[in-house]
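Add chain B to chain A, keeping to what the hints say.
2 protein chains.
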Amino acid sequence: MEFVPLADVKLDDAMWSRQFALVRDVVLPYMWEILNDRIENAEKSHCIENFKIAAGRSSDRYYGVVFLDTDLYKWIEAVSYCLSVEKKDELESFCDAAIKLIAEAQQPDGYLDTYYTIVAPDKRWSNLMEGHELYCAGHLIEAAVAYYKATGKDTLLKISRRFADLIDLTFGPNKRRGYPGHPEIELALIRLYEVTKEKKYLDLAGYFLNERGVGENIFTEECTKEDHAFIFPDMAHFKADYFQTQAPVREQCCASGHAVRAMYLYCAMADYARLTHDPELEKACLRLYENTTSRQMYVTGGVGAAKLGERFTSDFDLPADSAYAETCASIGLMLFSSRMWLLNGKKSNYDIWEQALYNTVLSGMGRDGHHFFYVNPLEVVPQTVAHNPMLSHVKTQRQKWFSVACCPPNLARILTSIPGYIYALDGDRLYILSHLGSSLKKGGLYVNLARKGDDYTLTIDGGPREVCLRLPENSKLISDQIAAQDDGYFIIQHAGGKQEYSYSLIPQVRILKAHPSVSAAAGKLCVQRGETIYCAEQIDNASPLSALRLPGDAVFSEVKGDWLDENMPILKTVGYSVSVKSWDQLLYSSQSCVYESREITLIPYSQWGNRGENEMRVWLTEK
Amino acid sequence: MEFVPLADVKLDDAMWSRQFALVRDVVLPYMWEILNDRIENAEKSHCIENFKIAAGRSSDRYYGVVFLDTDLYKWIEAVSYCLSVEKKDELESFCDAAIKLIAEAQQPDGYLDTYYTIVAPDKRWSNLMEGHELYCAGHLIEAAVAYYKATGKDTLLKISRRFADLIDLTFGPNKRRGYPGHPEIELALIRLYEVTKEKKYLDLAGYFLNERGVGENIFTEECTKEDHAFIFPDMAHFKADYFQTQAPVREQCCASGHAVRAMYLYCAMADYARLTHDPELEKACLRLYENTTSRQMYVTGGVGAAKLGERFTSDFDLPADSAYAETCASIGLMLFSSRMWLLNGKKSNYDIWEQALYNTVLSGMGRDGHHFFYVNPLEVVPQTVAHNPMLSHVKTQRQKWFSVACCPPNLARILTSIPGYIYALDGDRLYILSHLGSSLKKGGLYVNLARKGDDYTLTIDGGPREVCLRLPENSKLISDQIAAQDDGYFIIQHAGGKQEYSYSLIPQVRILKAHPSVSAAAGKLCVQRGETIYCAEQIDNASPLSALRLPGDAVFSEVKGDWLDENMPILKTVGYSVSVKSWDQLLYSSQSCVYESREITLIPYSQWGNRGENEMRVWLTEK
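Residue numbers (this note's numbering), protein chains in the order written: chain A, 2 to 624; chain B, 2 to 624.
Bound-form chain A, shown alone (with noise of 0.2 angstroms):
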């Protein structure tokens, strides 16, 4: 099974093709000054500063955090997945310029990472928990393929083979041992390999997945060096599980540790697991992707529930206002749901996928493509946030950059990369499985998927084979034509030639509850439509929203956000409010509640705070 490539995939659907756009027009170009630090108000970048210093071409210091390099890789991913679709002469002449400075940065032996270059050059490798080389490299990695997919042009990943060849020199069996604290080279090397069909990169993956928690653990024997010095004073009190070390990967079996390295971790597993036909591995990647998303997700698909190291903790615990879950995390656990469906094929997998991107991953970015969170509560009191310095963390408004800035470009990576997420092969057979207005062209097959809000045209042309539908969790597919299903998919046998199918995917809306043990969540309610979980903003509802009560058994109607994408109706519901009118000077009291009926008005949560500072919530507490 394969994803169909980008390039040959073209989206035309009013909502995604509108984000695609925002990113491609205004989020990338925006991205760009930042990296060369020409938007005044924001946080400093500093990042293409740091080549310069690292090529020479500047006497500056080193600035920002040590992995500030991969802001420009990942931005060059962004950047090649919009060139994939369409060539946009300004975007590919930044991009060539940033690769002629990064091949000028990289060094004589292939080594490339400024943070190492201009502050510790003689501390290569000595900090793997926390250096973040390896982690740098991987982005690299990346960047390098997806640039060459995008443009034919090979100078960037000759950089990046360059340097995973002194990767591959430096570290596995007889040579150095290792394996990175933050995962990502892994997953990388994947890609190298199955761009270039070097088994070496494949092999080196593997080597550093199945060195992990495997023996001494190598950071407790770097950190008790005498010469060590902490990068990140905090980690001093990390133990193994936040770096999943903590076990051999094929024994691990709760999602542990820093939420996006435990995410990009699996994702490499995954994908060793599927090329190497490894069962062992592949029933560690279950059992960690069925422990992350049934015992530790957010119902906004946030991974990830404490400040304190952006991690996980515990089954069950996932605190509404103090959650961390960080995009770049449930970024991650896209990354990880789509590898698992390339692994098993489960349409779940993609019920997760959605769950996230609709979610948490549109949240991260405003309207206006200028802003960002890095942090996803699911209940935000301003007045609370400003004073409560346990909520530091969380910010009311999205922001304009960060100083640890992983976010912003993480999802302009994602967003411009969703086209190729959306049909897959195998063999005779397609999957459709996120329902996107697009279509695709490939060999002898084309497809087309028009989509006029919840109505949509399947065309297909080419030979025969059977076509596999994913049915949305959320969603009721109607058809006339379409009525066989396996699985959750449905299916059609297409007998060949050119033939149009029509159906209805018709979002439902219902009322979910947390398992008992999600103590946050407990006697509350949340509403979802389709893949998009709702939420209540005070501009359109009383404050406290604490107050609002809502029946078990609402029923919705749906009306027309005029600020909202066509396909994000605002719900509408009878449900009640709290008088707090008998309460005055009172705190406590055995007085009967009072209640009020009132209109409730939810709005999807990936759109709030896109109309100034106020309260939210996704729990609603049952009447």
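Hints were generated in silico from the structure; no laboratory data involved.
Hints may contain errors.
Treat identical chains as interchangeable: a pair holds within one or across any two.
Here are the simulated SDA-like pairs of lysine to any residue, each with C-alpha atoms no more than 25 angstroms apart in a straight line [what the hints assert, rightly or not]:
id: 1; residue 1: Lys240; residue 2: Ile40
id: 2; residue 1: Lys348; residue 2: Tyr589
id: 3; residue 1: Lys159; residue 2: Val560
id: 4; residue 1: Lys200; residue 2: Arg162
id: 5; residue 1: Lys150; residue 2: Asp487
id: 6; residue 1: Lys198; residue 2: Lys396
id: 7; residue 1: Lys582; residue 2: Cys254
The following block gives chain B in isolation, referenced to the frame of chain A:
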């Protein structure tokens, strides 16, 4: 109005006599061993050792927090309260030895603070924000006054006066500007004034109060000096409201900042307003008291919601699982409440006093007298606490000692001083404020309040007087003899001579809700019997406790608990539990909840965690 002092009151109350004896016979001797570093496997104290170093008896190095001296002072104060009631030669000899040591540690000019004497003798008074010298002086004075009142011995009183005199020479108009980062000196100076009648101490207290928040903030001045070094580096980020210096004290309206600091400051404000008849200051006290108790107080009488800064946050922000609610802050709330009573005689002040005492304060100490809670959450899931670093301050079991051990000795001094808060006199009027079995003998007045469970026999012998019995908020007073009521007091017109009055005080069980703005309690109920808040522990109920559902009209039966005090029944009712059976690997679902009928067992919150580690929960979800 004044309280009948401890020395004139004799406690004879099943539960409180046990508590008093526990502190006197177990806690205080144990603490003496702790202060002398003679308890194995407990956090090192080093308190006495620091005094030995300052006294020249040891050449060790200072160890411990900057305000460690107060552990000894608070211990002496607690011992004094025991000695006021009954002579205990061993405790008194420990005290005398300690006082001898303190005398030796005092500097020739009267200065007394082991940290500065040992570590930074040239830095005296240079860091009022963090240095705690005035805070330590305050606790020294409180100990000295208590020991003098208990024993008549004035050595420590003289030591404390010498230090107070030095402070008076140092600070004031036309002297050095100053006020403490951690209030305490102010209320202590007022106590010193009350025992010595020396008005300069009252005036100095007034100076510290009146200077606070006026003009240039002296802490800002300190921190911006070139040679300034932070003792607590986090404090660099704290704003004026953290130290209650954001405005002149008469203009402050919301309880803010570090909760213990706030409480101690407000205590002094109330004392000073009462002694100087300052209506503007009285109004400020009332405002701050109302904000504290009707906007920022946990139902358990805990205050200060956030771990970071141990501080107040904002109105209605009262998270259950991450609550800080420091034991010392609730002790401070008791002190503030009793002073508010002296100021305005409102019986509701004592409702709060009891709410703090019977819940958070009592929870602070284990039934063995050897284990203590510093932090008092309203919800604990041990697995979550173990894995979520945002909850690292929460302990699921009481600890032997703490590296910052303010709470245990503070508990000792409040629990031993309880008899001094039961009765008050206002001319010929006698107040009985808390219905503890006890007697008092003062001048020609003899009162005996004999208690048998909920039944009381009040014997009064002496001249004619009005006796006012406070009606606790959640109890019924039943009597054939006492009927007249006024503002929450039952009134007896005692005609003189010896007379018996009988009444019963029946604690009511009621179900409380929180103000609709308290997000953490939306849709939740908690159970209160008399002044006692109840909680569910896993050992008596099913796990997860988040699955329990309490009907809003639940009726409770009271059952004697063999491990609990007689007046602390266990409460039982029939409620529900959400079945987890149908959830299996589901995390979110629109399925109907299946409710199983189930007995719900509740115990007093103060007694949780005495039977091993397990889940605990105060707020139960309503059904």
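Status of the hints after comparison with the structure:
Taking CA atoms no more than 25 angstroms apart as the test, Lys240 paired with Ile40 passes in neither setting, with 39 angstroms inside one copy and 30 angstroms between copies. Taking identical chains as interchangeable, the C-alpha atoms of Lys348 and Tyr589 lie at most 25 angstroms apart only when they sit on different chains, with a minimum of 17 angstroms there against 48 angstroms within one chain. Proximity of Lys159 and Val560 under a CA criterion of 25 angstroms is satisfied in neither setting, with 53 angstroms inside one chain copy and 78 angstroms between copies. Taking the shortest Cα distances, Lys200 and Arg162 sit within 25 angstroms of each other inside one copy (13 angstroms), while across copies they are farther apart (83 angstroms).
With identical chains, the CA atoms of Lys150 and Asp487 are never at most 25 angstroms apart, being 35 angstroms at best within one copy and 87 angstroms at best between copies. Neither within a single protomer nor between protomers do Lys198 and Lys396 lie at most 25 angstroms apart by alpha-carbon distance, with minima of 45 angstroms and 54 angstroms respectively. For a Cα distance limit of 25 angstroms, the shortest separation of Lys582 from Cys254 across copies, 22 angstroms, qualifies, whereas the shortest one inside one copy, 51 angstroms, does not.
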